[in-house]
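The chain contents come next:
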Amino acid sequence: MSEAVRPEAVAPPAVAASREAVATARQAFEKALDRRLIAALEVCARCGICAESCHYYMSTPDPAHVPAARAEQVRAFYRRQHDPIGRLFPWLVGAKDLTEDDLDALQETAFASCTLCRRCTINCPFGVDTALIMRAARGMLTAAGKAPEMLVMLADAAIARGENADEFREIYREIVTELEQEAQERTGDPTLRIPLDKKNADILYVGLSGAHTILPAAIIFHEARANWTLSMFEASNYGLFLGDPAKAKAIAKRLIDEAVALGVKDVVLTECGHAYTALRWEAPTWFGGEFPFRVRNIEEVIAEYIQEGRLDLDPSANPEPITYHDSCNLGRNGGLLEAPRIVLRAAVEDFRELDPHGKESVCCGGGGGLVAIPEWEEIRLRAGRKKAEQVRAAGAPVVATSCENCNLQLTDLNARYKLGVKVVGLMELVVNALLKAKGRNALAIADAA
Amino acid sequence: MNAMEIETWVVAASAGVAAAGLWRHLSRTLARPLRPERARPAGSPAAGVRYAFTTGMMPWAKESTRIHLLAYLRGIVFHIGIGAGVLGLVLGLWAPALPGGSRLLLIAVLAAGALAGWGGLTARVLEPGLRALSTPDDFVSVALVSLFLSAGALAWWDARWMGAFLLLGAATLVAIPFTKIRHCFYYFFSRYFFGLFYGRRGVLGAAHHE
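In order, the protein sequence lines correspond to chains A and B.
The first sequence begins at 571 in my numbering and counts up one residue at a time.
The second sequence begins at 13 in my numbering and counts up one residue at a time.
Bear in mind the hints are in silico, worked out from the structure with no lab data behind them.
Heads up, some of the hints might be wrong.
Simulated DEER-style distance windows between Cβ atoms [unchecked claim]: (1) B:108 - A:855: 49 to 59 Å; (2) A:833 - B:91: 49 to 59 Å; (3) B:79 - A:604: 30 to 40 Å; (4) A:858 - B:88: 35 to 45 Å; (5) B:79 - A:674: 41 to 51 Å; (6) B:91 - A:922: 38 to 48 Å.
Where a beta carbon is used, it is the ideal one built from N, C-alpha and C, also for glycine.
Start from the sequences and build out the full structure, keeping to the hints where you can.
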């Protein structure tokens, strides 16, 4: 049969597109397949001990929510490609050819049923890195055009902003000037400044969209007499959620270029878990080495100011019992377990731990980009049931966190499960304690946002 | 050539197959990039790796193993049994006469390992969640190793079983690179990467936060 009349050569467009998607996904997977990923794919003995470590399983005890079962979707086609027994006797080892239907099923698994929190990893006797497998799956799906549109859009918008920064600069400067006036009124200190583009500052502070991440930081830096400047960009990196190193790198590059151009010593990221993972831990690997500046989280810096006696805090500004939710990106996966507790012990009167907390903290269900995807809201809120139970059991009317996505999810869980708590960021508590010490009113972050 | 000599050659050939198969796994894995983390460490990667292979394997170190204590201990006993099985196989070929106390200890460890193996297999059949998670390989591999350990306990009790033990040992060796049994090989990679990751980030092992 000649090439021209082979059935595959005259396949209808839908079939051809399907094959193309599968082939692209496979290529992306092969590119991601490094030694760590091979170990994670090969070592699982399917003992099922990881089940209760996953907040999805804890909230809905369905075998499909066992982390090992989730990763089996990827292992099935890995074995078909890379295991001789998987090629000869696929039924024996659960191997399977990858199809477009598999990709469709994998989309919900990788993007909506795993927040990449790594609680299963820390609980696995083998240390299987299921988040790494799910991130590879996300990369495959993104390459095949099957990633959630919202995440793609947000990542592309961030890249576009980096490419057209000058167009935004003047508008941004005006917004910052207004914010500066507001901060001056709140603190009663007309010398408070929010510097932009300040060369040779010690700190380049990177907030998020919204004044609520800038105003408290400005007050804290001012009170600590820090030499700082505000970034033109936002900290979030949706390329990380997509498992797309090229996009993640492009988004991170905006901040790196800005920090290098200004000659700062530290880039300090606002209360955002994945932003810390992206720039502190992943970006040096993407760019092939360490940066000429440190990457820190605002909680680390505040904790340092407290320990150095640079902030005068009155904890009576926060008299109610307060508990703390560890962001998985900052805590278990970022190593920032002690800094937020130093801040809380100094800024509030009655701090109570959740059980469990720290490296064993249960994910709230808002990670992995899930809070940005409206179509999976129900899955997200259901998966947060365990965290809601945990918060209720703590008996504290205020829940603090140091991650914007966790904050949004906890606020939604509060409404869904009628917890009757107030969700706040750590910076808000610190500013309340600062202002009280100066005899001023609390910040009322909601108004500022 | 007598039966014992034939069995010795069969076991040796099987060990060769296992070694070649694992060598293939090793070279295939090492052919892939390592992609080491480049970020400035917040803790000690070496301390993390030490933790991963020592304290981190203790039953109390993880919430999961505290919840599934029985299943975890069963797994530990099974794997200690496998270690005894390999020792029993080597001794069966070259030093089949052991002093009484040592022989009884070997039998006890092999028997405990076998019981743990059969117990694990039963759990895999009976527990719906575990059954749903399993592939045929999970049943075949655990059954094969449990048979090997059972035969080992019998062989060291009564030498008439030694032939069956050696042949089952040979079958198990051949199965290593081709079945889930090879997780014993990848375990070292996985725990190493686990320790490196969490040690570097100052989460496990000794941390020195900046």
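Status of each hint after checking the structure:
1. B:108 - A:855: 49 to 59 Å: holds, 54 Å
2. A:833 - B:91: 49 to 59 Å: holds, 55 Å
3. B:79 - A:604: 30 to 40 Å: Once the Cβ atoms are compared, 32 Å apart, the range 30 to 40 Å for residue 604 (chain A) and residue 79 (chain B) holds.
4. A:858 - B:88: 35 to 45 Å: Holds - the Cβ-Cβ distance for residue 858 (chain A) and residue 88 (chain B), about 41 Å, lies within 35 to 45 Å.
5. B:79 - A:674: 41 to 51 Å: Taking Cβ atoms as reference, residue 79 (chain B) and residue 674 (chain A) lie about 34 Å apart, which means the hint is violated.
6. B:91 - A:922: 38 to 48 Å: holds, 40 Å
In the structure shown, a violation is registered for the earlier hint numbered 5 alone.
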